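Residue numbers (our numbering), protein chains in the order written: chain X, 42 to 341; chain U, 25 to 340.
Don't take each hint at face value.
Label-pair restraints from in silico Cβ distances [as the list claims (entries may be wrong)]:
#, chain 1, residue 1, chain 2, residue 2, range
1, X, ASP332, U, ARG154, 15 to 21 Å
2, U, ARG109, X, GLY75, 44 to 50 Å
3, X, LEU252, U, PHE268, 30 to 36 Å
4, X, ALA89, U, ASP57, 43 to 49 Å
Below, in silico cross-link-like pairs of lysine to any residue (SDA-like), each with a Cα-Cα straight-line distance of 25 Å or less [what the hints assert, rightly or not]:
#, chain 1, residue 1, chain 2, residue 2
5, U, LYS182, X, ILE302
6, U, LYS182, X, PRO114
7, U, LYS259, X, PRO306
8, U, LYS245, X, THR300
9, U, LYS182, X, GLY75
10, U, LYS182, X, ALA305
11, U, LYS74, X, LEU111
12, U, LYS182, X, LEU111
13, U, LYS182, X, ARG197
14, U, LYS74, X, ARG197
15, U, LYS182, X, GLY115
16, U, LYS182, X, GLY303
17, U, LYS182, X, GLY127
18, U, LYS182, X, ARG299
19, U, LYS182, X, PRO306
20, U, LYS259, X, TYR301
21, U, LYS182, X, PRO120
22, U, LYS245, X, ARG112
23, U, LYS182, X, TYR126
Just so you know, these hints were derived from the structure itself, not from any lab. Here the structure is a predicted model, which means the values were calculated and not measured. Note that the Cβ used here is the ideal one computed from N, Cα and C, for glycine as well.
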Amino acid sequence: MVERAVSRRENLPKSPIVAKARFRSSLRRIARDGVGLAGATFVLLVIALVFLSPFLGLPDPLAQDLTINLRPPGTSGHPLGTDQYGRDLLSRALWGGRFSIAMGAIASLMAIGVGVPLGMVSGYLGGRLDSIVMRTTDLLLAFPYILLALVIVAARGPGLFNALVAVAITNVPFFVRVMRGIVLTIRHQPFIEASIALGATTPRILRRAILPSLLPYITVAFTTNVGWLILETSGLSFLGLGAQPPLPEWGSMLAEGRTYIGIAPHVVIIPGFAIFLLVFNLNLAGDLLRDLLDVELKEN
Amino acid sequence: MIWYVVRRILAILPISLGVSLLVFGMMHLVPGDPAIVIVGPNHTPETLAKVRQDLGLTLPLYVQYARWLSRAIRGDLGNSIHLHRPVLPEVLGRFHSSLLLVVSSFALAIPLGILVGVQAAVFRGSTIERLLMAPTMVGISLPPFYLGMLLIIVFSVKLHWLPAGGMFTVTEEPTIPDILIHLILPAVALAGAPFTVVARMMRASTLEVLRKDFIRTAQAKGLNSRVIIWRHVLKNAVIPVTSFIFLQIGYLLSAAALVEVVFSWPGVGSMMVQSILTRDLPLSQGCVILIALVYVIVNAASDVLQLALDPRIRYG
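Using the sequences plus the hints, can you model the full thing?
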């Protein structure tokens, strides 16, 4: 018994050398996870490309030229071809990436901005506030999530901003639940009790003791959520309830191109494939980040 | 156990009340005057005043809610603004098409997902596993409306095998084989995501069960590996996945809207999207109530079914 306890003590990562070795091993694990790394690299590349698109000398994504409409990919000057109004599809796909990434990220941040504080306060204070918050999330979760977004858009009317708000609201319960659960597991830990003993106020404890412990979870939840929200917002735009034409947003490009699916399928294939590629790689990157932060969490 | 079932069924009531609150709230989330939204843009002052009085917009909110609810319970969800007909029969008239689509997708995705997940776990680490799991890597990132359009491009535009939309050939009397042919592509498009989720969870759950002692016992006593997998492993691996399987119905019910629009399928989902675009609030409310209530009932049924499936669960 005693021997085992001693050997376990020795296993604790006390010295900086051990910690360093652990960090190296987690780096090695990332390097071994080639798929995840490729996904993360791809996402960073797409973000760079998408935000550099105004400087790449591409045609205006809104400039119409009906004399060259529905040209297939490989046409000179239009590597991905043109759409029904003769607009350059490469340029539109890249500009569409701006909207999709921005919408996914903004909706996610909005959901975090509301969900994380609510979950923290609800989990830390408990009591009546906690049960009100929990019953409200129960009610919201009683709806299938796409339906909930549709309810909000139905009431507020179609449009980019309303779609963003709708998608953000449908994701608030998720963040509230996750963060509340984590707060419940850490609220009686010594470092929090120490803060209370030192006379820290509740807002200070939430900000200085609890929030830092939640950051890794928030980061992973954000990354895995962005891809999901890109699918959701593009879905609303596809239905005509989000971004409106002629904005080059992937979902509304799909909706606009649908009429020409029989004669020029590339008008549909390109924006859809862009959504797929980005979300696919975001998921890979999210898994990678989760593994990485898990390692760090174990070391704490 | 019987008490649990009774309690679970009674729990439908408060949840439905919550649903009704939210749907009632839709009317008051509308920017501006709800009465103008209800009567539409072409109204006379008289009709506007009448609608205001009918809705009781001058009364306190809880009185308005009570009136609205008592009408809704009696099946009066108001009149559609654009169809000029009562909402309830319109929505119910679309319901069977949506149900057909959702049930077909469910029947397609779940058994296939279970099969693929179990086989992937059994052949862990082999090429077979990679081949089986590759579609699930893709499936989770593929929006259903895009999958639907890809299917149209391949099977309707290029191969001319299957129709690209609608529920039956318009020029002819609808027959069952004709409807089934129109059903294939939308059902597959909608089934993609639930299939992915179930296959992944089933694989993880099967791997878990394969490590258990009773499986080693079964192997040691010389049982045929097929018997082990399909009798001992499958039964135990499915149980933790059941709740996720039923969660898929919520996804199917609401994502059906996307697929119905792609395939011009005459269901509740496409009606709802149309009603939102035309700002037909009563019709939107009717669609929401129907989908949400079906979801609430399915959830209760799934909890009860889980109890029947898993004898280990003992509820207080």
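Results for each hint:
1. X/ASP332 <-> U/ARG154: 15 to 21 Å: 20 Å Cβ-Cβ, so the 15 to 21 Å window holds.
2. U/ARG109 <-> X/GLY75: 44 to 50 Å: 60 Å Cβ-Cβ, so the 44 to 50 Å window is violated.
3. X/LEU252 <-> U/PHE268: 30 to 36 Å: 31 Å, holds
4. X/ALA89 <-> U/ASP57: 43 to 49 Å: Holds - the Cβ-Cβ distance for X/ALA89 and U/ASP57, about 48 Å, lies within 43 to 49 Å.
5. U/LYS182 <-> X/ILE302: Within the cut-off at roughly 11 Å; holds.
6. U/LYS182 <-> X/PRO114: 18 Å, holds
7. U/LYS259 <-> X/PRO306: 45 Å, violated
8. U/LYS245 <-> X/THR300: 62 Å, violated
9. U/LYS182 <-> X/GLY75: Violated - the C-alpha atoms of X/GLY75 and U/LYS182 are around 36 Å apart, more than 25 Å.
10. U/LYS182 <-> X/ALA305: 11 Å, holds
11. U/LYS74 <-> X/LEU111: With a Cα-Cα distance of about 52 Å, the restraint between U/LYS74 and X/LEU111 is violated, given a limit of 25 Å.
12. U/LYS182 <-> X/LEU111: 18 Å, holds
13. U/LYS182 <-> X/ARG197: 41 Å, violated
14. U/LYS74 <-> X/ARG197: 24 Å, holds
15. U/LYS182 <-> X/GLY115: Holds: U/LYS182 and X/GLY115 sit about 20 Å apart, inside 25 Å.
16. U/LYS182 <-> X/GLY303: Satisfied, since the Cα-Cα distance of roughly 9 Å is no more than 25 Å.
17. U/LYS182 <-> X/GLY127: 24 Å, holds
18. U/LYS182 <-> X/ARG299: 15 Å, holds
19. U/LYS182 <-> X/PRO306: 10 Å, holds
20. U/LYS259 <-> X/TYR301: Measuring from Cα to Cα gives roughly 48 Å; hence the hint is violated.
21. U/LYS182 <-> X/PRO120: 23 Å, holds
22. U/LYS245 <-> X/ARG112: 67 Å, violated
23. U/LYS182 <-> X/TYR126: Holds: U/LYS182 and X/TYR126 sit about 24 Å apart, inside 25 Å.
This entry does not satisfy hints 2, 7, 8, 9, 11, 13, 20 and 22, going by the numbered hints stated previously.
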